[in-house]
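Generate the whole structure from the sequences, applying the supplied hints.
Chains as they are written, first to last, in our numbering: chain U, 167 to 428; chain W, 167 to 428; chain A, 167 to 428; chain X, 167 to 428.
These are computed hints drawn from the structure, not numbers from a lab.
Since the structure is predicted, the reported quantities are computational estimates derived from the model, not experimental observations.
Incorrect hints may have been included.
Note that the list lumps identical chains together, so a pair holds whenever it fits in one copy or between two copies.
Listed next, the in silico DSS-like pairs over lysine-lysine satisfying Cα-Cα at most 30 Å (straight line) [what the hints assert, rightly or not]:
(1) Lys428 - Lys418
(2) Lys428 - Lys253
(3) Lys385 - Lys327
(4) Lys428 - Lys416
(5) Lys327 - Lys253
(6) Lys270 - Lys327
Number of protein chains: 4
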Amino acid sequence: MTDNFSDAVMDVERTEKVPRKAPEAIRQVVMANRILSNEGILDALGHVSVRNPANPGTFVQARSISPFEVTPNDILEIDLDGDVVTKTAMRPYGERFIHGAILKARPEMNAVFHGHFSAIIPFSVTNTLIRPITHVGGFLYQGVPIYDDYEPGDGMLIRTKHEGERIARHLGQHRVHLLRGHGCNIVAEDLLRLVASAIHLRDNATIQWQALLSGREAKYLSTEEAKAAMEIALFDASPIQRMWGYWGAKVKRSMPDMKDWK
Amino acid sequence: MTDNFSDAVMDVERTEKVPRKAPEAIRQVVMANRILSNEGILDALGHVSVRNPANPGTFVQARSISPFEVTPNDILEIDLDGDVVTKTAMRPYGERFIHGAILKARPEMNAVFHGHFSAIIPFSVTNTLIRPITHVGGFLYQGVPIYDDYEPGDGMLIRTKHEGERIARHLGQHRVHLLRGHGCNIVAEDLLRLVASAIHLRDNATIQWQALLSGREAKYLSTEEAKAAMEIALFDASPIQRMWGYWGAKVKRSMPDMKDWK
Amino acid sequence: MTDNFSDAVMDVERTEKVPRKAPEAIRQVVMANRILSNEGILDALGHVSVRNPANPGTFVQARSISPFEVTPNDILEIDLDGDVVTKTAMRPYGERFIHGAILKARPEMNAVFHGHFSAIIPFSVTNTLIRPITHVGGFLYQGVPIYDDYEPGDGMLIRTKHEGERIARHLGQHRVHLLRGHGCNIVAEDLLRLVASAIHLRDNATIQWQALLSGREAKYLSTEEAKAAMEIALFDASPIQRMWGYWGAKVKRSMPDMKDWK
Amino acid sequence: MTDNFSDAVMDVERTEKVPRKAPEAIRQVVMANRILSNEGILDALGHVSVRNPANPGTFVQARSISPFEVTPNDILEIDLDGDVVTKTAMRPYGERFIHGAILKARPEMNAVFHGHFSAIIPFSVTNTLIRPITHVGGFLYQGVPIYDDYEPGDGMLIRTKHEGERIARHLGQHRVHLLRGHGCNIVAEDLLRLVASAIHLRDNATIQWQALLSGREAKYLSTEEAKAAMEIALFDASPIQRMWGYWGAKVKRSMPDMKDWK
Chain U
167 MTDNFSDAVM DVERTEKVPR KAPEAIRQVV MANRILSNEG ILDALGHVSV RNPANPGTFV
227 QARSISPFEV TPNDILEIDL DGDVVTKTAM RPYGERFIHG AILKARPEMN AVFHGHFSAI
287 IPFSVTNTLI RPITHVGGFL YQGVPIYDDY EPGDGMLIRT KHEGERIARH LGQHRVHLLR
347 GHGCNIVAED LLRLVASAIH LRDNATIQWQ ALLSGREAKY LSTEEAKAAM EIALFDASPI
407 QRMWGYWGAK VKRSMPDMKD WK
Chain W
167 MTDNFSDAVM DVERTEKVPR KAPEAIRQVV MANRILSNEG ILDALGHVSV RNPANPGTFV
227 QARSISPFEV TPNDILEIDL DGDVVTKTAM RPYGERFIHG AILKARPEMN AVFHGHFSAI
287 IPFSVTNTLI RPITHVGGFL YQGVPIYDDY EPGDGMLIRT KHEGERIARH LGQHRVHLLR
347 GHGCNIVAED LLRLVASAIH LRDNATIQWQ ALLSGREAKY LSTEEAKAAM EIALFDASPI
407 QRMWGYWGAK VKRSMPDMKD WK
Chain A
167 MTDNFSDAVM DVERTEKVPR KAPEAIRQVV MANRILSNEG ILDALGHVSV RNPANPGTFV
227 QARSISPFEV TPNDILEIDL DGDVVTKTAM RPYGERFIHG AILKARPEMN AVFHGHFSAI
287 IPFSVTNTLI RPITHVGGFL YQGVPIYDDY EPGDGMLIRT KHEGERIARH LGQHRVHLLR
347 GHGCNIVAED LLRLVASAIH LRDNATIQWQ ALLSGREAKY LSTEEAKAAM EIALFDASPI
407 QRMWGYWGAK VKRSMPDMKD WK
Chain X
167 MTDNFSDAVM DVERTEKVPR KAPEAIRQVV MANRILSNEG ILDALGHVSV RNPANPGTFV
227 QARSISPFEV TPNDILEIDL DGDVVTKTAM RPYGERFIHG AILKARPEMN AVFHGHFSAI
287 IPFSVTNTLI RPITHVGGFL YQGVPIYDDY EPGDGMLIRT KHEGERIARH LGQHRVHLLR
347 GHGCNIVAED LLRLVASAIH LRDNATIQWQ ALLSGREAKY LSTEEAKAAM EIALFDASPI
407 QRMWGYWGAK VKRSMPDMKD WK
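Here it is in structure tokens:
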């Protein structure tokens, strides 16, 4: 990673094929996009970002393209106010303000997810709180508040720096919050933890909804159980590396252009 | 696109492989068929159409073949009364009258969908109204009425010009209506908006049904929210192009004969 | 098809690859197996059969192998009492008696399905009757009785000629019945109608169960609607050919050894 | 299989490609991993083991890698206390103590499964007992108790020899038990029966949950029915071989590196 990240972004070897040489942060955000697409977490409309390791005041994110298609050629550098730093005509995501505002408010965190997978939406519209019900959902122990303070006229999208800041304030010190009738935002230390959080949020929500539909009382994780489970699932070296390796191996099998990705 | 669309249809380069040269409207209706098949929205029995850009009195639609298999070789030109204009022995869909009648009644619209994906049928048989519950469902803000005025003896299919007209009257100024125990019709400005509407109808219905099963009160989009969300999802250039690009990229990966489609 | 079907079965060109030359009935039962596997209707344990067109007293069925793997090399001729006619060491399915007994009791029918897809089991264990709720389920208008008269000690399987006959009596003049906690049997005029019946039974059951979970009253097809819908879906040339073509095209895409199947 | 299993493990032909020469037990545990991954039963975090046929005091299991990726290169020999016997720097699974303790407590059994597929978790958190509701679930006739006696601070994982022994005591003479908010353990005579048990547990749980959501009374298998069904499904030669052949054929189709596996 060079000091001047924009130069690094521009250094990406531009070919018709997927470039194999690119700074590590760019390569990792490409893989995160592909994994989240391949696992059915992101479709055309969600996005992920990671803080520029060479400059905490900017982050890296794909241009306005589906995660399924992202290559190193498609990565932009953007500052925390949402202004594109990379000299390019490529168009950024309209909701990039979510990423900038959260990264500004959470200096200890480095990766942000915004998406709309269907398992979480019923919670958001019925005012039902997601809680840890399975050990991989332990990281949700602080609770998952539901945002419902949209800018009128913006179609429930977060399209301004101002609303991005409101979003960041609502997220507060949580790892996840839902947006009513829309989706969720997740923040994590890095892209590995971010991807694992998104997938485990989906799985925990799916199971919790099934339990809820039965009308039977469910036993959730205690705060101690949840904290310890989070510690192991996200911060022990072994499980997180095993998951990342697994999701990546599936990408390499399913996506022909990623077959030889190292 | 030539003035004489039937000539253009006949101009399609007929080979054993998927022809690459064809008028743009034909190419787009082929891709719409493939996307709707690949996304699990259409199986063997549904169909889409688009108005002939050179003659508002006819439309373009595949012959009686599954959307999964459609190529430019399979496209017919049909007039709004349901008569096949293309000189061919190829057989049209029995329910083509739906398309002609809706295109006649809605001159501001240019594309029609008829399909039976399972997420919508429970609504149609329990007289439950689909409403916007997620931002991509905003385009449903006018409501989704349920048709139940079938011609006796036609097995709940729409097989005559006369019933096609009744269908068009029931649809009225809505974008979507359901057919009880059968499926739905959707109308849109063009094939991009049509495909997006079909996929988002499925997603909205799936989520709404889950919320309903819980017995909990759900907060739907307000009319203002829904209108603004529709405006952005369907009429801003960026999201609709990103979605179309995504669905097309998946088709090119999954369907070997579409691999090199430009 | 020769007069001596066993000779025809033996005529199958036996190679390491999937043989391309085989009597039409054998080719069609191979494709039916592959379609039902590919559509998720059969896993390792179900089976289909078709009456020998040259001898109504025998039928054609795969040896004890999963439908996913069946080739013309694997087809046996079996008489209606369940005795294998083909001179071979290959092992038949233990439940072949279902097929023989139903074909004996229903001389106007020629194809039998036995399978266990999960959409139907909840009906069978809660004594809930499947009824036509969508137009493709019209063929169920005579009702779907539930068999619960198992031979003690046979693990709810149908492993004797005697119980096969009891099964056939319970099916009576219906097209479909369920076996409690086990699966279903379907009978049809030929393999095209049989495959369509199995897939549409799954779809109708899935939708009916969703409607039932909501606790809302559902409007089913009237007997007239259902009969007319069945007439069109199963006996008009166009839809059944379109469906068979579609399912077959998917098999050719998904199963490499079937890629060049004509 | 040599007397010295560690030597046999080390004999695996180590190449960049998947080795084709390896002792049978190693080959079978590789295939079991791949099948369970391919059938959606295991993701990154579960694992299977089989007792060393040459030494009942050790078992064979993959190193800390996802079942999707396991090759003969990745297999370790481990003793029943959880100590790795193979001379290697490769890291074992943290929860290997489950396997050792169960194999020690159940000398008549030889294969152990630990996984987290979502169909079972709602039962485990609502204190709902899984019972045989379909003939392939007959092997559950002894009941499926729910473990909830976790070591504080271990995040609901089983990471010590001591808790492994508690797990084995809780399992007792059952074939399956659930771990509250976590997953399940299964024990069987060999890997074929183990894989079949895991898949059928998933199917039985899915169907039972659907029946339960309807609020209707369900008829379960009687103990006699269940025992007889288990006897046939797991111990007759034909069904178990057909299932194993089927699951393996699907692995060979879906996983390019397994294509030529004999």
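Verification of the supplied hints:
1. Lys428 - Lys418: both (10 Å within a copy, 24 Å between copies)
2. Lys428 - Lys253: both (28 Å within a copy, 28 Å between copies)
3. Lys385 - Lys327: Only across copies: Lys385 and Lys327 sit 26 Å apart there, 40 Å inside one copy, limit 30 Å.
4. Lys428 - Lys416: Result: close both inside a copy and across copies, 13 Å intra and 23 Å inter.
5. Lys327 - Lys253: within (21 Å within a copy, 57 Å between copies)
6. Lys270 - Lys327: within (11 Å within a copy, 45 Å between copies)
When the structure is compared with the earlier hints, no violation turns up for any of them.
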